[in-house]
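Novice: Here is how the chains run, residue by residue.
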Amino acid sequence: MELSGEQIQVDSLKGAQILVNSLKREGVEYIFGVNGGAAMPIFDALYDETEIKLIPMRHEQGASHAADGYARATGKVGVALATSGPGATNLVTGIATAYMDSIPMVAITGQVFTHFIGSDAFQECDVIGVTRPICKHSYLIKDCEEVADVVAEAFHIASTGKPGPVIIDIAKDAQNNEALFQYPETVDIRSYKPQVHGDPAQIAKAAALIKEAKRPMLYAGGGVVLANASEELRELTYKTQIPITVTLMGLGAFPETDPLAMEMPGMHGSCCANYAFTDADLIVAIGARFDDRVTGDLSKFAPNAKKIHIDIDASCIGKNVPVDVPIVGDAKNVLTELNKQVSTADIDPWRNQIQEWKRKYPFEYEQKVDKVMPQYVIEQIYEHYSDAIVIADVGQHQMWAAQYFKFTEPRQWLNSGGLGTMGFSLPAAIGAQLGCPDKTVVNINGDGSYIMTIQELVPAVTMKLPLKIFIINNMYLGMVRQWQELFHGKRYSAVDYHDNPDFALLAQAFGATGLRVEHTEDVVPALLKAKGITDGPVVIDFIVDEEENVFPMVPAGKGLGDVIRGLA
Amino acid sequence: MNSEKRHIFSVLVENRFGVLARVAGLFSGRGFNIDSLNVAETHDKSISQITLVTHGDAQIIEQIYHHLNRLIDVIEVTDLSTAGTHVERELVLIKVATDDPQKRTEILQVAEVFRGRVIDMKPASLVLEITGDEGKLKAAINIFNTYGILELARTGKIAMLRGSEK
Ligand SMILES: Cc1ncc(C[n+]2csc(CCOP(=O)(O)OP(=O)(O)O)c2C)c(N)n1
Ligand SMILES: [Mg+2]
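Protein sequence lines correspond, in order, to chains A and B.
Residue numbers for the first sequence follow my numbering, so the first one is 5 and each next one is one higher.
Residue numbers for the second sequence follow my numbering, so the first one is 2 and each next one is one higher.
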């Protein structure tokens, strides 16, 4: 790499201090971590640090999800820190979660002394080996002279192109040894040049296809959020007046309240979006990757449609679905160019068809007597917290949140879509709240997911974070129970969570406010009460209908046209 | 839908710790095939050259190309099978049993046909070095098998585009 470094400090510094100084140069505000032997010099360097706040988490998984949540909410690089061996392996789930959703993150792990590496030393683990398939890149630092350059490269790689987690594994002697601190002003990696500008000829082809289409639809994903291209996406949609579906990862990139919005597609998506895929003659995919949860059975997916696919990652294009016009580039750049070449589409019959589907098949549920319906809870959360950042965990509650909360802004909705990591949401909410102190942060959790990382309530209480933690408690691993009900003859193997602790009492034991809601009429008062609690987290345990299912549903392996509508 | 074809990729990578593991891990993790793999430093010490022979249908080959490019340490990927005409060579060392003198003479004659060189000779065996393309090496190995191959080692293919095609 090219160095045009200016010399900042003439005295030599310990590697750990160089690391901290480098992180400051990258504008890092928070580091989420758990201490341990092989990382002690770094934690020591952070001890009297004022620019960077060290957030001690209670489990390294929490640290990596918190860094991830911070990154998703702010668009900046999140930083997690752990010791070697078990500290590093505990980070792994969070690293994989960030990798699957392309979240910019730097995970720093202490490593045993250089001369111990490879000897099965105490708390030694080949972190580079373990994380190789779940990170964008990784570095092992054995020499303190490398620290500054590696940090600069790591942040550059994590945040550019298709973002992703980068691991810095640093041996303890490299943390202790001294070197001069010289931070590179620019980073130039000869083997890493992301293609951000789309091919003009391809963009022109796309514009021509859009003009000809009679039944076109836009299909936008998380890539639009990552590229901060929501404005350009809105411009494209408004200019062409083409109906749009936004995936689970992209929710909020286009306002779901708009008449052109068909809501999310796929397994638990809207019938409208799924029928539109099946009938469309043109699909414009933007930062979306034709995931199996979106397409259903590929042989039945969008049989009549030409496909334009805009993606920063060439390997995503044509991976699952053959594409007619591939455009490799950054969504923001490509859409800016495309927007210059499009105009209102002359497709009134198609728009009318879409409106009819929307009218006929909204998300709906049956209000059972004497039950708190989970969907009703979400509707009321939307009613009272429509501006909040909403972070869901994984399961039925996640799907209901995606369906019944109407997202209008990018980075308003955070969830582990790719890896589907239970336990993601509470620590991620901590990161999001720290990154966006002026926002209300709502955590919609499941009873099963919540308890997987419940220990992170401790730092939330300590920091007095005003998190609204709403548990949709069905006393089951509900999503799995639903599949067992539908496909395994109701054999409820290992999903019964009636032995859940009393989450309201437990919250109080943690020092948070804990409320329990068992009746529909208590839902709104509890939500209003939670609004008023601003000096720490509030946990509301909503005891909901136990065996309610998520509909619509496209059973795994079926085509989108075979969607089970549920009620209708 | 497509038929499977053999492809030779020439991959220039940073000559750095762990790069081979990243390339090999990509193939095993995504279920791509490696038929042969050769790695060595180039004339520029900071760069290594990987020659990788694989097979798959057009879609898989395209995926391999893009995924190799996605690795941060990969400087350049060329699919030699589509980029132009190329030359390819592989070197094999064969240790053949030569228990009786009669047989030894015969083996030396056969080696001559393949332009093989004797690089070690012991009373009961000799080691031959043969260079060539896939077809030639296959033929040589088949023949020497009839005399009894004691040991065999091959480099895996190396290849490059002809003339000024690059
Ligand atoms: C770490 C992890 N383990 C297992 C699963 C499989 N899984 C997917 S959804 C789900 C149930 C989640 O239960 P809960 O949090 O109570 O949410 P609910 O579906 O009941 O709303 C399970 C076990 C997973 N996604 N992640
Ligand atoms: Mg549950």
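Among the hints, erroneous ones may be present.
To be verified - Okay, derived cross-link-like pairs now, EDC-like style, lysine to aspartate or glutamate, Cα gap no bigger than 20 angstroms in a straight line: (1) K146/A x E15/B; (2) K362/A x D295/A; (3) K323/A x E63/B; (4) K197/A x D153/A; (5) K139/B x E89/B; (6) K323/A x D58/B; (7) K323/A x E15/B; (8) K104/B x E89/B; (9) K336/A x E413/A; (10) K166/A x E5/B; (11) K166/A x E63/B.
These are computed hints drawn from the structure, not numbers from a lab.
Novice: Decide, hint by hint, whether the structure agrees.
Specialist: Each hint, compared with the structure:
no. : hint            : verdict
1   : K146/A x E15/B  : holds, 18 angstroms
2   : K362/A x D295/A : violated, 23 angstroms
3   : K323/A x E63/B  : holds, 9 angstroms
4   : K197/A x D153/A : holds, 18 angstroms
5   : K139/B x E89/B  : holds, 14 angstroms
6   : K323/A x D58/B  : holds, 13 angstroms
7   : K323/A x E15/B  : violated, 27 angstroms
8   : K104/B x E89/B  : violated, 32 angstroms
9   : K336/A x E413/A : holds, 16 angstroms
10  : K166/A x E5/B   : violated, 30 angstroms
11  : K166/A x E63/B  : holds, 19 angstroms
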